[in-house]
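Number of protein chains: 2
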Amino acid sequence: MNELKSWLSIADDSDFSIYNLPFGIYSIKGGRKQAGIAIGDQVVDLVGLAENQMIDLAPCFFEHEYLNEFINLGKGVTSKLRLEVQKLLSDENSPLRNHPELLIDQKDVTMHMPVRVGDYTDFYSSIEHATNVGKMFRDPENALLPNWKHIPVGYHGRASSIVVSGVPIHRPMGQVLPKEAEVPVFEASSRVDFELEMGFVIGKNTALGDRIAADQAEDYIFGKVLFNDWSARDIQKWEYVPLGPFLAKNFGSSISPWVVTMEALEPFRVAGPKQDPEVLSYLKTKGERNIDINLEVAIAPEGVEEQIVSRSNFKYMYWNMAQQLAHHTVNGCDVHVGDMMASGTISGPNPDSYGSMLELAWAGTQPLKMKDGSERKFIHDGDTVIMRGFAKKEGKRVGFGEVRSQILPAKK
Amino acid sequence: MNELKSWLSIADDSDFSIYNLPFGIYSIKGGRKQAGIAIGDQVVDLVGLAENQMIDLAPCFFEHEYLNEFINLGKGVTSKLRLEVQKLLSDENSPLRNHPELLIDQKDVTMHMPVRVGDYTDFYSSIEHATNVGKMFRDPENALLPNWKHIPVGYHGRASSIVVSGVPIHRPMGQVLPKEAEVPVFEASSRVDFELEMGFVIGKNTALGDRIAADQAEDYIFGKVLFNDWSARDIQKWEYVPLGPFLAKNFGSSISPWVVTMEALEPFRVAGPKQDPEVLSYLKTKGERNIDINLEVAIAPEGVEEQIVSRSNFKYMYWNMAQQLAHHTVNGCDVHVGDMMASGTISGPNPDSYGSMLELAWAGTQPLKMKDGSERKFIHDGDTVIMRGFAKKEGKRVGFGEVRSQILPAKK
Chain L
1 MNELKSWLSI ADDSDFSIYN LPFGIYSIKG GRKQAGIAIG DQVVDLVGLA
51 ENQMIDLAPC FFEHEYLNEF INLGKGVTSK LRLEVQKLLS DENSPLRNHP
101 ELLIDQKDVT MHMPVRVGDY TDFYSSIEHA TNVGKMFRDP ENALLPNWKH
151 IPVGYHGRAS SIVVSGVPIH RPMGQVLPKE AEVPVFEASS RVDFELEMGF
201 VIGKNTALGD RIAADQAEDY IFGKVLFNDW SARDIQKWEY VPLGPFLAKN
251 FGSSISPWVV TMEALEPFRV AGPKQDPEVL SYLKTKGERN IDINLEVAIA
301 PEGVEEQIVS RSNFKYMYWN MAQQLAHHTV NGCDVHVGDM MASGTISGPN
351 PDSYGSMLEL AWAGTQPLKM KDGSERKFIH DGDTVIMRGF AKKEGKRVGF
401 GEVRSQILPA KK
Chain Z
1 MNELKSWLSI ADDSDFSIYN LPFGIYSIKG GRKQAGIAIG DQVVDLVGLA
51 ENQMIDLAPC FFEHEYLNEF INLGKGVTSK LRLEVQKLLS DENSPLRNHP
101 ELLIDQKDVT MHMPVRVGDY TDFYSSIEHA TNVGKMFRDP ENALLPNWKH
151 IPVGYHGRAS SIVVSGVPIH RPMGQVLPKE AEVPVFEASS RVDFELEMGF
201 VIGKNTALGD RIAADQAEDY IFGKVLFNDW SARDIQKWEY VPLGPFLAKN
251 FGSSISPWVV TMEALEPFRV AGPKQDPEVL SYLKTKGERN IDINLEVAIA
301 PEGVEEQIVS RSNFKYMYWN MAQQLAHHTV NGCDVHVGDM MASGTISGPN
351 PDSYGSMLEL AWAGTQPLKM KDGSERKFIH DGDTVIMRGF AKKEGKRVGF
401 GEVRSQILPA KK
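Those protein sequences? They're chains L and Z, same order as listed.
Here the first sequence is numbered in full-length UniProt numbering, starting from 1 and rising by one per residue.
Here the second sequence is numbered in full-length UniProt numbering, starting from 1 and rising by one per residue.
Simulated from the structure, these hints should not be mistaken for laboratory data.
Among these hints, one or two may not hold up.
One copy or two, it doesn't matter: identical chains are merged, so the pair holds either way.
Said to hold, decoys possible - Below are the DSS-like pairs computed for lysine-lysine, each with C-alpha atoms no more than 30 Å apart in a straight line:
1) 135 x 237
2) 204 x 33
3) 412 x 274
4) 393 x 237
5) 29 x 107
6) 411 x 149
7) 369 x 75
8) 149 x 237
9) 377 x 179
10) 149 x 80
11) 392 x 377
12) 284 x 274
13) 284 x 412
14) 274 x 179
15) 80 x 411
16) 284 x 204
17) 204 x 29
18) 396 x 237
19) 286 x 204
20) 135 x 204
21) 75 x 412
22) 107 x 377
23) 179 x 135
24) 411 x 204
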């Protein structure tokens with residue numbers, strides 16, 4: 001990375017450094033939704049930059065309710081735009097310095113869903129998570145299923161119920177099988193859990209029948225967000241055989257509002273874990289395909305200071321994004337701009353790096369302590385779960401901000 | 001049903017009688033897409049009706065690429081519009097008789113996807129199908145899983161790869177585990193199968209957190225289509241544990257182009273099968289909730305006359321649509337206009353009423369004979385699968401036309 005400095009004052013620990021410049025959709029005081037870029041504690045008004053001809057795109061591309069139309073212009077255009085804004089924010093003689101009205105305090109904006117999600121797929125690509133789940137519910141000696149090291153296992157999720165950080169979610173009602181019962185009851189889930197994940201946003205369309213080669217897959221990825229895949233473990237247990245999770249997941253998933261581009265994450269590439277046995281040819285990738293992103297999860301009971309309960313890292317992923325996308329399309333399945341693909345729970349090797357309450361409290365056997373002394377096996381009503389993530393190297397920081405959402409009581 | 005007669009000449013066996021009037025999206029010779037209604041072997045030009053002020057809606061509602069904006073007007077509007085067109089087509093003094101240009105031969109139009117599908121859910125609601133699958137792959141004595149009679153089991157599918165009748169589908173490539181092998185190979189699926197299903201289209205939005213009561217659920221259903229849920233059994237077998245089918249399904253699903261409204265299907269209601277054990281309260285419905293729709297599947301090898309391989313009926317469904325929708329939203333999952341919900345394979349009680357090759361040829365042990373003497377365990381390259389459906393009562397017929405699609409060789 002070249003050394004860059006903004007003429008704006010940006011805190012050293014800001015996720016939104018001059019090296020980041022993520023895209024999002026914001027509004028001011030109930031006004032229209034529009035696209036912006038985060039810098040420090042400000043938002044750059046892209047419509048305004050365009051209206052003042054400081055960038056090489058017409059305002060209309062930033063006036064949509066979602067980023068899809070902008071992303072659909074292609075990386076040739078979106079990367080260039082990002083570099084133009086980087087220059088405007090770092091050049092001492094920038095014309096933007098004469099337009100303070102085009103920088104808005106983040107505390108004065110409301111953030112919205114950044115993309116219109118067409119389809120949403122969730123993978124299951126952390127070997128530590130899959131092993132933990134296998135140990136708990138299947139055979140500790142054969143925790144991984146036979147297909148796990150051959151397939152980046154994934155399944156379709158619900159796109160409509162993906163919401164942006166800040167939107168509260170009601171505890172779901174549903175069918176649960178009480179212990180040793182043979183007949184289910186209808187009640188509020190008592191095992192609401194988070195799953196620490198990251199999502200990526202598709203940046204380029206394919207047609208039905210097309211296949212994306214693993215080594216070209218990243219061309220189809222626009223950027224990434226933090227992703228909380230809310231789960232109701234008791235509903236899941238009863239419903240998931242044989243067709244997979246359904247109501248246990250689709251009551252809500254929460255994402256961070258700023259989409260961090262693949263370009264911004266480029267400096268933080270690292271090698272992934274060794275894949276053994278060797279994967280099939282269509283899944284082979286060259287070079288460093290994992291990304292070193294520090295992740296953390298905190299729980300804040302209502303009125304109580306938050307407690308960090310997990311510190312993990314995106315670099316632990318066994319299957320990388322290129323492999324996930326190559327697999328997803330190897331049968332000709334088409335993908336479209338705005339589609340969301342989530343990683344699956346990102347657990348690390350140590351018990352304090354697990355990515356769900358299920359694992360952290362080991363199926364309720366090892367409750368976690370909160371700051372007020374209360375214990376958590378799963379998430380209580382009123383609890384807010386906060387996930388954060390950032391990459392850092394040589395003093396340069398590129399972060400995601402946070403995804404924060406509160407669990408409200410069930411609507412009975 | 002009141003007796004109605006159109007001044008147009010309509011064949012007695014036409015699916016598109018004066019009692020039907022389904023909605024679809026068509027274009028003429030590469031022109032723009034627009035909404036129309038099928039009558040006999042003609043399409044009614046709704047934009048033209050509006051421009052000539054023969055109906056009570058502006059042309060713009062019919063000029064979209066999909067029916068979503070029209071459907072979103074609500075049943076109060078869409079039902080009234082359908083009745084206005086019914087009057088225009090049955091009234092001897094109809095002003096439409098002076099506008100022959102507003103009726104277009106169906107052979108001169110290209111049909112397109114009728115709706116922009118937001119999310120797609122597939123259920124598994126035929127007891128005969130679930131029992132057959134359980135007998136083949138699990139325990140013949142305990143074919144149904146413990147949750148099956150309590151939950152209208154469903155899972156999320158891929159919305160992007162739903163295509164309209166006539167679009168060919170390539171045989172999918174994928175991972176398959178050869179018999180007695182421990183390591184998968186990458187090859188073209190050799191077990192491509194159809195699934196005879198029906199889909200329903202959501203006609204009214206809910207918000208995240210809302211729940212649809214079973215007895216109000218039909219207010220949220222606009223209409224129905226035939227649905228072929230293409231499946232690759234060998235890919236499915238290797239991938240589906242533990243999170244459900246993924247690439248075995250998302251290489252393509254095919255639907256019939258005309259959406260038959262719930263109003264048109266109203267006269268064909270029948271009682272469903274007795275549900276024992278009793279279902280939970282939120283799944284209880286009153287009145288006749290099944291619909292008597294005759295269904296058939298034919299296979300036409302390339303250059304060979306079609307062979308009907310199955311005759312089933314939508315009335316066999318164990319779980320009805322109202323129950324499916326009540327279940328889907330009981331946890332607060334939101335639904336939106338254009339969402340598609342499919343029934344799952346519709347098998348009847350007799351071997352010639354099964355809804356998939358898997359069942360008809362009983363996992364390849366009882367191949368079916370085609371008109372040219374060739375045998376089918378699954379679908380061959382070049383085969384066209386055709387599904388048809390119609391309801392009939394007291395000489396009045398309301399049908400779906402067909403969904404027809406050819407399997408092309410794999411793209412290697």
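Point to revise | List of violated hint numbers, smallest to largest | key: Of the numbered hints given earlier, those the structure breaks are 4, 7, 10, 11, 15, 18, 20, 22, listed in rising order.
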